[in-house]
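Chains S and H: place on chain B using the hints.
These are the residues of each chain, in order.
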Amino acid sequence: MIVNTQNTNSRFQDAVTRERKLPGGIETRDLEICYSDSKVIMGLNINFTPGKITAIIGPSGCGKTTLLRSLNRLSELTGGCKVKGQILLDGEDILKMDPMLLRQRIGMVFQKPNPFPKSIRENILYGPKALKLKIDHDAIVRSCLEKAALWNELKDRLHDSAFKLSIGQQQRLCIARTLAINPEVILLDEPASALDPLSTASLETSILAMRGEYTQIIVTHNMNEARKVSDYVAFLYMGTLVEYGETEKVFTNPERPETRDYINGKFY
Amino acid sequence: MKIKSSIWNVRTIFLILSIIPVIALSLITLNLILGSVHAISTLGLNLFSNSFSLGIEPAKANPATLHYGLLPALWGTFLVILISICVAFPVSLALAILANDFSTGFLSTAIRWLIGILSGIPPVIYALMGSVFFIWFFFPKFAGQGLSSITNPPLPSPQMLPSDASCTLLGGLMLALLLIPFITPLLDDAFQSVPATLKEASLSLGANRWYTLKSITIPNALPGIVNSLLLGILTALGEAIIVSYCIGFSTRSLPTPVFDVLQRTAPLTSIIATLAGGGFSSSKLVGPIGTSVASFAGLLLLIVAFIILGVTSYLQRKMKARLA
Amino acid sequence: MTDTIKAAPIPGKTNYFSIFTWAITLIMVAAIILGALVLAFNSFDICSAPLLFTTGALLIIIFLFIKKSLKINQYVLIALAAAAIISGVISNSLPVYLQGLNIHGIIHRSVVSGLLILGISVPGACYSLYYALRGTPRAFDISRYPLLIFFILSALAAYAMIIVHIIQGGTFQLHWSLFTSAFQSQSHIIETWENGWPSFTTVPVRQTGMLNHITGTLMLMLLTSLISLPVGVSVGVIVHEYAGRKLSGIINFSTNALRSISGIILAVTAINLVRLPKLGSFWYGVFRGYGYDVNGMIQYGRSSFLFASVFISLLVIPIIAKATKEGLSSLPADIHEGSLALGVSKDHTLFHIQLPWSLPNIVTGLMLGCAEAAGALTIIFLLSGVGQYGVNPLNETTSLAYLIFDSKYWQSLGDTLGDLKNYQFTAALVLLIITIGFTTMALILKRNLAKRYKGA
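Residue numbers (the numbering used here), protein chains in the order written: chain B, 3 to 270; chain S, 2 to 325; chain H, 2 to 457.
Bound-form chain B, shown alone:
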């Protein structure tokens, strides 16, 4: 692992090529997010451990997706969204960074797979081409597909349209596409909610395989999935962090009554 020495804020994109750090740790301090004057997230302080998989669980509408989208500043795309507080990526405040440079370090996989209407190979190479990275195209296609557990299935049809894949394969293609830009953190917004059980199993295998090399933050509704896949769990309720800790501990012995009620299915 090579450490980089660049200041993210003031470099010229055409002058430099990127260097990757250790998997990044994200920390939020007093984070508040408001959508047109209604507060969605209030006073959130979380420290996401680098290299591990953290699951964010909680009832619908409590702000999980909002939080996730604010971590790579996609929340700015919807009008009327204001973010206050600090979000630190390895000590640098995300909110003061150039958002595009930020998104090269924090990647996102969406709920519904959204491959580009191009070939499989072009989908993966989209990121490196957009960022003008100087890397070997074939090598990166192979390594990303291998990490997403798709290489054996697709190595002969790299030039097929991405829409010909099954929905589970499309989702793993989206993961491979995100890996191609070599991010430090990967955000996954309910990645398995559109998939059938068999695809979900392959997805979970890929997520577990990426542990250690990338920090992963998963938002999920499915508590079984959270339990199987994550190292840490954060329970979000009504925009505040109710409980945070190691998965096994939170699921077997939750400290807070709300956590216990949610895990036992008393409300969703």
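No lab work stands behind these hints: they were computed from the structure. Small disclaimer: the values here were computed from a predicted structure and weren't measured. For every residue, glycine included, the Cβ atom is placed at its ideal position computed from N, Cα and C. Incorrect hints may appear among the rest.
Stated by the list, open to error - Here are the simulated DSBU-like cross-link-like pairs (lysine-lysine), alpha carbons at most 35 Å apart as the crow flies:
{"id": "1", "chain 1": "B", "residue 1": "Lys-86", "chain 2": "B", "residue 2": "Lys-98"}
{"id": "2", "chain 1": "B", "residue 1": "Lys-134", "chain 2": "H", "residue 2": "Lys-68"}
{"id": "3", "chain 1": "B", "residue 1": "Lys-98", "chain 2": "S", "residue 2": "Lys-215"}
{"id": "4", "chain 1": "S", "residue 1": "Lys-319", "chain 2": "B", "residue 2": "Lys-114"}
{"id": "5", "chain 1": "B", "residue 1": "Lys-84", "chain 2": "S", "residue 2": "Lys-319"}
{"id": "6", "chain 1": "B", "residue 1": "Lys-166", "chain 2": "S", "residue 2": "Lys-319"}
{"id": "7", "chain 1": "S", "residue 1": "Lys-215", "chain 2": "H", "residue 2": "Lys-69"}
{"id": "8", "chain 1": "B", "residue 1": "Lys-134", "chain 2": "B", "residue 2": "Lys-84"}
{"id": "9", "chain 1": "B", "residue 1": "Lys-230", "chain 2": "B", "residue 2": "Lys-86"}
{"id": "10", "chain 1": "B", "residue 1": "Lys-114", "chain 2": "S", "residue 2": "Lys-321"}
{"id": "11", "chain 1": "B", "residue 1": "Lys-54", "chain 2": "B", "residue 2": "Lys-98"}
Said to hold, decoys possible - A partial selection of chain H residues facing chain S, derived with a Cβ cut-off under 10 Å:
{"id": "12", "residue": "Ile-150"}
{"id": "13", "residue": "Ala-156"}
{"id": "14", "residue": "His-166"}
{"id": "15", "residue": "Asn-253"}
{"id": "16", "residue": "Ala-258"}
{"id": "17", "residue": "Ile-266"}
{"id": "18", "residue": "Glu-373"}
{"id": "19", "residue": "Gly-391"}
{"id": "20", "residue": "Pro-394"}
{"id": "21", "residue": "Ala-402"}
{"id": "22", "residue": "Thr-436"}
{"id": "23", "residue": "Lys-447"}
{"id": "24", "residue": "Asn-449"}
Below, chains S and H without anything else, positioned relative to chain B:
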């Protein structure tokens, strides 16, 4: 039973009323075809010759001096459409890009409101302003009135613009002003029809907005963009008032350097206006075939309009299929 | 992955670099403005050559700066600088008036130099803005703004000039009587008796005003709405209800075609039709429009309001049909199904659920149609007169748009006499107020419609 039968009548009334546009369109087409039979049978291919002249004095109109060649008019239409689309399309594209990919809520809404308000300006106003106001920008630059005395050495009898500086360029520019509020909402719709998830996926990979625009938005919105271009051409094709005011009502023949936009090359619609009105500029006489030639020219416009409509409806079906 | 590290800009130098690039950006923006001025006015042409040389020099300076602090060569800047200097040379050496060149008239040098300045300074501003903002990807996006904004602002400037000039010209020499008195230009023949013999004196009746044109415009809007509303709604309903069937496809195509074939073809047909009835028949009066002058004599015009409205409504029907279709398809399927699930017939649902829901859309379409009717000149410019004999549906067509047309071409039709033809700007102003007013109302209504789908 009573209630059922009365409502049955109402639906039939709707059906009958809605056939009216079909009947109207067929009648118009029929009228044009029948009206142009006379011209086609008398003049034949002379209709596409390169000379167009009408009589000067009613009493002495000699049929032999009346020519009805429409070639200059067709060329005029082509020039005017070329100029107006080349000016209007980039501006509309810039507006649509700014409203969609490059700005947040406030600026987008402001642009859309502004364009909506500007689209309410009727063509008469552009015609008026073109012939009264904007012409004054042209005078010092293109017209050459009295120029030979100013320049040193004096220019040898330069060919001047008409004394009122009306030229194809002016007509094209005013037509472009008409087209911009028309094309921009169409382009806007085309850009908005690109699914937001694709744009988000691209942005979340770290690409900047310009790259997303180039590689995702525009390729996906291409049918819509071509659609709006065609509809713009269709509107420019049928515009009679602006070009009549700013260019003139008829042209004798093709301009000598063919692409000369500083001469007057009246488009087809002005010719139709002149001919159909019985030469409403009373010093001209149209002659017996005049109205028939007007119908023929109208028929030409109708055919081109139908072709363009066919292509746009095909494109619109393709756009809908893509969304599904 | 093996990436390589390249050095970031040295902190100490960054300040100078930043100041310089911002200064250069501002100069480029000034160059854009000056270029537009050169294009507009001849007198600014003096500064075009020095401006081009300065721009070229500044671009070379940026290139050198970047080469020094970032150690890369941006050859694009060199190419742009070379283009600037060559343009400066060209601009300087051209004669003041260009002749020949395959162009009929004479072109002033400022046209060429203005275009050259704009062609160099707009990319120059983009590049210098990019480096002033430190070259991040976001900076790349922001640096494209000068390109977009330049096109947009030049168009908006033209529109602003139009509106300002019309307001200026329209409010010049304005007096209230213009709007309250109708135009009259007739001769009243009075029969008097002198010494047992009848003698006739002619008393001219003259009045300057545009009341009849204004009421004419309103009458056109009213009649057009009356005719096109039922037909437009019917087309919208039928096409929506029977979508996919052949008949509705034909109706849909015809309606769209009517919109696209534009006024002039309808004008030709109208002119052909208006000549059909023979003098003296009932239809002659209906088609041509008639009125009674001060002497009680019947006067025939070129066409009647009714006749003209029929043709204008052919243009307006597609607008209302499209609006109705949009309104009907915006009804949420559950509401529609809910009504049918109660056993209510389709027609009853149509009348009591679907059409009331689409009512705002229909009204929007109607307003846009009214704006269209007010501004319609292409159809009626050969079919209108001054309308001094009254403004009811069977009178001669007249409209504000016609007044504008006739004021310019009064020699040809000669209807508008006296000083009314000087008031073309006032007529334009009133017309603009009517059309923009209706269009804006329609837009506001559409905006309020959007809220309905989210909330209620």
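Against the structure, the hints:
1. A threshold of 35 Å between alpha carbons decides the hint, and for Lys-86 (chain B) with Lys-98 (chain B) the separation of about 12 Å falls inside it, so the pair holds.
2. Under the criterion of a C-alpha separation no larger than 35 Å, the hint pairing Lys-134 (chain B) with Lys-68 (chain H) is consistent with the structure, at around 20 Å.
3. Only pairs whose Cα atoms come within 35 Å are accepted, and Lys-98 (chain B) paired with Lys-215 (chain S) is accepted, the gap being roughly 27 Å.
4. A distance of roughly 24 Å separates the Cα atoms of Lys-319 (chain S) and Lys-114 (chain B); the hinted pair therefore holds under the 35 Å criterion.
5. Annotation: proposed proximity of Lys-84 (chain B) to Lys-319 (chain S) is violated, straight-line Cα distance about 39 Å (limit 35 Å).
6. For the hint pairing Lys-166 (chain B) with Lys-319 (chain S), the CA-to-CA distance comes to about 20 Å; that is within 35 Å, so the pair holds.
7. Of the pairs offered as hints, the one joining Lys-215 (chain S) and Lys-69 (chain H) holds, with about 32 Å between alpha carbons and a cut-off of 35 Å not exceeded.
8. Among the hinted pairs, Lys-134 (chain B) with Lys-84 (chain B) is consistent with the structure: their alpha-carbon atoms are about 32 Å apart, no more than 35 Å.
9. The suggested pairing of Lys-230 (chain B) with Lys-86 (chain B) holds, with an alpha-carbon distance near 33 Å, which does not exceed 35 Å.
10. Restraint check for Lys-114 (chain B) and Lys-321 (chain S): satisfied, since their Cα atoms lie roughly 21 Å apart, inside the 35 Å limit.
11. The hinted pair formed by Lys-54 (chain B) and Lys-98 (chain B) meets the criterion: a straight-line CA distance of about 25 Å does not exceed 35 Å.
12. Taking 10 Å as the C-beta cut-off, the interface hint given for Ile-150 (chain H) holds, the closest approach to chain S being about 8 Å.
13. Interface hint at Ala-156 (chain H): satisfied, since its Cβ lies 5 Å from the closest Cβ of chain S, which is below the 10 Å cut-off.
14. For His-166 (chain H), the shortest C-beta to C-beta distance to chain S is roughly 5 Å, which falls under 10 Å, so the interface hint holds.
15. Checking Asn-253 (chain H) against chain S: minimum C-beta separation of about 9 Å stays under 10 Å; hint holds.
16. Hint status for Ala-258 (chain H) relative to chain S: holds, with the closest Cβ pair at about 6 Å, below 10 Å.
17. Hint status for Ile-266 (chain H): holds, given a least beta-carbon distance of 5 Å to chain S, under 10 Å.
18. Interface restraint check: Glu-373 (chain H) against chain S, minimum CB-CB distance 8 Å, threshold 10 Å, status holds.
19. The interface hint given for Gly-391 (chain H) is broken, as the beta carbon of that residue sits about 24 Å from the closest beta carbon of chain S, more than 10 Å.
20. Contact between Pro-394 (chain H) and chain S, as hinted, is not supported at the beta carbon level, the nearest pair being about 19 Å apart and thus beyond 10 Å.
21. Here the hint on Ala-402 (chain H) is kept, as its CB sits about 5 Å from the closest CB of chain S, short of 10 Å.
22. Interface hint at Thr-436 (chain H): satisfied, since its Cβ lies 5 Å from the closest Cβ of chain S, which is below the 10 Å cut-off.
23. Against a cut-off of 10 Å between C-beta atoms, the interface hint on Lys-447 (chain H) holds, since the closest Cβ of chain S lies about 8 Å away.
24. Below 10 Å, beta-carbon pairs count as interface contacts, and Asn-449 (chain H) has none with chain S, the closest being about 14 Å; its hint is therefore violated.
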